[in-house]
Amino acid sequence: MGFIPWATSPSSTFEKSLYDLIRGLRNHKGNEREYLQNCLKECRSEVRSQDLDLKATALLKLIYLEMFGHDMSWAAFNVLEVMASPKYHQKRVGYLGAIQSFRTDTEVLMLATNLLKKDLTAASTTTIALPIVTLPHVITPSLALSVLPDLLPRLSHTHPAVRKKTIVTLYRLALVYPETLRAAWPKIKERLMDKAEDPSVTAAIVNVICELGWRRPHDFLPLAPRLFELLVDSGNNWMAIKLIKLFATLTPLEPRLARKLLPPLTEIIRTTPAMSLLYECINGIIQGGILGSGDDADGREEIATLCVNKLRSMIMIDGDANLKYVALLAFNKIVITHPWLVAQQEDVILECIDSTDISIRIKALDLVQGMVDNDNLVSIVSRLMRQLKLASSRDRRVAPNPSGAGPSPGDSDEDDFEGTISPAQGTADQAPPLPDDYKTDVINRILDMCSQNNYGFLDDFEWYIDILSQLVRTAPLPRQINDTETSPPPGKYRIGDISEKIGNEVRNIAVKVQAIRSACVQAAEEIATQLNRDTAGGHSIVSGAMSPVAWVIGEFASELSAPEDSLGLLLRLISRISSPEPLAACLQAAMKVFSLVAGDQLASWTAERKSKILLLMARIVHTCEPLALHPNLEVQERAVEFAELLKLTAEAASGQETSTDTLHQDPPLLLTQAMPLLFAGWELHSVALGAQKNVPLPDGLDLDEPINPNLNYLLSSADSIPIPADEEDEFETYYNQRPPPTSIVSEPAINRLADGRNEVAGSYQQPIEETYLDADILAKRKAERSEKNRDDPFYIGEPSSIHRSSTPIHNILQNSNGPDLDVDSIPIMELDLNRLSADVNKSPAQASKRTKPKPRQKIVIAADENLGNSGQSTPRNYDSENNSDSNAAKARARKLKQSFLAVDSTNIGALNLEGDPDSGAYDPETQQREEAEMARAVKEVERLRLEMQRANERIQVAQGVDAAGTVVVRKKAKKPSKAMVAGDGDQNEAAAEADVVKPAKKKKKKVAPIDDGDGDGGAASAESQGVVKPKKKKKAKPAEIQETA
Amino acid sequence: MINAVLVFNGQGQPRLTKFYTQLDTSIQQRLISEIFTLVSNRPSGACNFLPLPPLLAASGTSHSSSEPHNDVPSLVTYRNYATLYFIVISTSTESPLALLDLIQVYVESLDKLFENVCELDLIFNFETLHAALSEMIVGGVVIETNLDRIVSGVKAQGTVAKRPVNESRGGTLGGGLGMGGTFAWPGR
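Protein sequences, first through last, are from chains A and B. Heads up, the first sequence is in UniProt numbering, so the first residue is 1 and it goes up one at a time. Heads up, the second sequence is in UniProt numbering, so the first residue is 1 and it goes up one at a time.
Extracted from the complex, chain A is given alone in its bound form (with noise of 0.2 Å):
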């Protein structure tokens, strides 16, 4: 019988073939959506007909078609009848279908339910073969459970084709349902102890042994010996190559292991010609922890360096990339465990980088991101800010197309596929050009790993600051809106994302680092600048970074050059803005730097000073009531109250009388008083993440307790009570003046920047700094260093751009910061609630801590702040993602669960296995969560029951006729309606409740020794000296369904 499908040609002329159907589509050049649409028309009711033949043809049409990204989820009622056809050629077009476009919530399945039983007990291997394949694609816990007891059987089926299949297609059934394990697991560990076994079945185990090793290692412990005498003795590469992986998750439990395993693996690598075998080994080796110290210290070095000298030979030949890869895998599991074997490879990891493979690039950066310390930041961020400014560049002078996106292969176009065999597109030679992805993924990078442990290895924060300026005009710009509706998975950034975060960085340098705070002020103003001159004249401004910078030129505006110029620039960006968020940050920030430049108090309010204050609010009113309808409540609620304080203001200046040569005349309160306390109080400093959470709970704390049992009273005579004056003065000193220091902690927040015999600078073998940073930014930097320099004697004038990059950041720090910088000084308060009322006298310990700071010590990075017992560790509370607490574990393994194509296998993890049976059985969550199980599989047979009668019903009222068949199904489906059930289809009733007792019979069997046929002696044997309690309610459960039905 063959099964070409254009040879059982249907009986009229008019119907196509799939042969048709792609000849077609290929002689319809140009109009073939039209073409495709009557395909799907014609697929539609031949699909319907009654004539088996037809419906197959049709079917596999609409297979291709899918292929394509033409549903067929409509037709799955169809794919069942084809699938129930007597013929296997149409058959196997049936179960295609079901593998192609079933889901589990494909209703259609339970239907399926009982097709799939019959043939997985039909007597041609190859029709058995054919549920057994399709199951692991639909395959749901209760079809697990009802398919269980027809596939176990198969596992000592005579032909080895179906035992292999079957064994794997067990473990897709364990993965949604772990008790099918419990049943299948002593028949597949027989398989595999029996040395007769075929060895493609024995593979087959043993890669399904792999897939489960990972989730439940211990149970396979036990197997050791086996597994190891095939690797020694099998002789096949594939599996060496499993059993390996396997190991190398058995050894970190079982130490004794990695000593038996060595002498092999070594030979093998010594030995092997197979290059995939013995990098296999050598990963085994790392991943298995056999690396790691023990007793056998010199062996292991041994083995160590054969490893990673074999791993840096595979990425020094050239011409092989894949090699190259699959090394620079292995040395980021390593790097794990021993950062320092990995760190010996710097030099060719770090060429890596700049390899014209994107794959290999990524993963080097990988690498290099765990390698990172005081000696190469700066060596590999410039290789990174290297590779951005070219590709960068070379974006500008390419056409503005960068992402070579291709023809769109979701339209089914069929054309021309023979007649162009060289797809090979693009300048081969050249890189390609980066996509915006790889951009981000590098920024990210780039900021991590400066921002790391608090900065701690970043030793030149001017430096860092002229990144980050780079930084801001190299990150990709953010995507329409629109565009990111049509991705629906949350990505853990989205595109516009990171230039926020590249602004946030700024602002956490200027809030972290006072020495520098200045420089950090200004290089905000020029972003801010910058963005508003590189957006072209009628746009806005999307870059995200806007509102994190407005924010540092608001709040620290009294380290502005020239605040005027400053609150010009923001005014002007007020009126390019289109997203609400940066609006209210560059609104508030106005505000700040206008109250800075009105409010002073001591100069005296003059007509000059007068006439230009009021211009000024007028020009700052006028850009904010456009705002004042602005659809977002944050920014409208800020336009309103910004614009009215100052009409305000503005009322009380213009009726100030100016002072004159004679009469001084102090500026109007308002300006100088009112507004300027509305931004100033305490100083603001980072805190850590958790440190709200650290904030003591009082003694005594009862929210439900009322306050004041006379409140009502209080409340209605609140009215003629007068308040004291001086209890207002109390309100205003704690919440508007600073608090005397009350302990001054110079946490010697990196021991390490003190160190100041490594002095780096200057000799860098690496790209200087003309290579990564714009042409502006570096003549700043220039100017910079000749005007700090101007006054050391020790400094020998400018004599060339050359000595550039080579000035000691020490001296570059002294300089800026005055020779004599006392790092006390600044104070650092430390938010300590206990504290706050005792008082200020140091502690005897902190203060000796004091007393010694490092000699060099120059720069002071606030650590973020906290409270209590996870003071210590704040540096790591830094980074919120290493923020390991339960709630932040549960969400990564929810958003685990989401992601495409992943198998969620949670629930095998819980699954006892090799342990005691009883234990099992004692266990009271175990049971509970058999019975949940056993009831929820009851519910679904129901179900299943009243489906069937409905689609029995279905099938015999409406066939060939309701074209919307399945869907009245499904309607009709979720209404219980009993009397209708009781009414017809007594054998279905019969075959559900088959359905049921049956997999009862297997849950008994767990506890007995499982004997090969499916008889009742087994069942009876185990309910003897079995479990009592949950066995009863398993029976208890299919009596009420036979009760009811």
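No wet-lab data here; the hints were simulated from the structure. Note that CB positions come from ideal geometry on N, CA and C, so glycine has one too.
Taking lysine-lysine and the BS3-like style, the derived pairs with C-alpha atoms no more than 30 Å apart in a straight line are:
1) Lys-155/B <-> Lys-118/A
2) Lys-260/A <-> Lys-333/A
3) Lys-260/A <-> Lys-310/A
4) Lys-155/B <-> Lys-117/A
5) Lys-117/A <-> Lys-87/A
6) Lys-155/B <-> Lys-87/A
7) Lys-117/A <-> Lys-939/A
8) Lys-118/A <-> Lys-87/A
9) Lys-647/A <-> Lys-610/A
10) Lys-117/A <-> Lys-189/A
11) Lys-780/A <-> Lys-389/A
12) Lys-87/A <-> Lys-112/B
13) Lys-195/A <-> Lys-155/B
14) Lys-693/A <-> Lys-501/A
15) Lys-501/A <-> Lys-780/A
Output of the computed footprint for chain B on chain A, the stretches with three or more beta carbons under 8 Å from beta carbons of chain B:
16) 85–95
17) 168–176
18) 202–208
19) 324–331
Label-pair ranges, simulated between beta-carbon atoms:
20) Asp-24/B <-> Ala-932/A: 26 to 34 Å
21) Gln-22/B <-> Ser-313/A: 38 to 46 Å
22) Glu-564/A <-> Asp-24/B: 53 to 61 Å
23) Gln-22/B <-> Lys-118/A: 19 to 27 Å
24) Asp-24/B <-> Ser-558/A: 53 to 61 Å
25) Gly-681/A <-> Asp-24/B: 50 to 58 Å
26) Glu-683/A <-> Asp-24/B: 48 to 56 Å
27) Gln-22/B <-> Asp-375/A: 44 to 52 Å
28) Gln-22/B <-> His-159/A: 25 to 33 Å
29) Lys-939/A <-> Asp-24/B: 23 to 31 Å
Once you've looked at the hints, dock chain B against the given chain A.
What follows is chain B alone, placed relative to chain A:
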């Protein structure tokens, strides 16, 4: 495990799609086009592993390489034969180099089934393409790597059709899909 096997041609038209975990048709299509974009931008001499396409990178834990999760697809392997790209998406439990071999075995078995296979054969016989694949991989787990067993397994299901006689051999993919060339790991 293996999460998906895809075959498409130089224009990005799919010739085989097989997902071992369920995925909406529209997302399948997006994934295919994302991978195609990646694959068609590879420079010559680049390695046969792709960076994760945005769709997978976004949903997985792409940045924390220090915390690999074995359930999440983390490896996209591809090989190019004449006009076709063969792609395997897999988790970290698969060996990258072995996957390259696996693709090779698949193509070789197709070559044996069709005798000097070309893209046309695959278009008109995509059912056989599926049959051969399911002799090698079931539910995302490799069950067979032996060429002869795969071929005989497919043949046991019925005769394999030849390409239709009146169909030209199109852009002959001379020497089949041109296998065996640069990538044959010795002693596989």
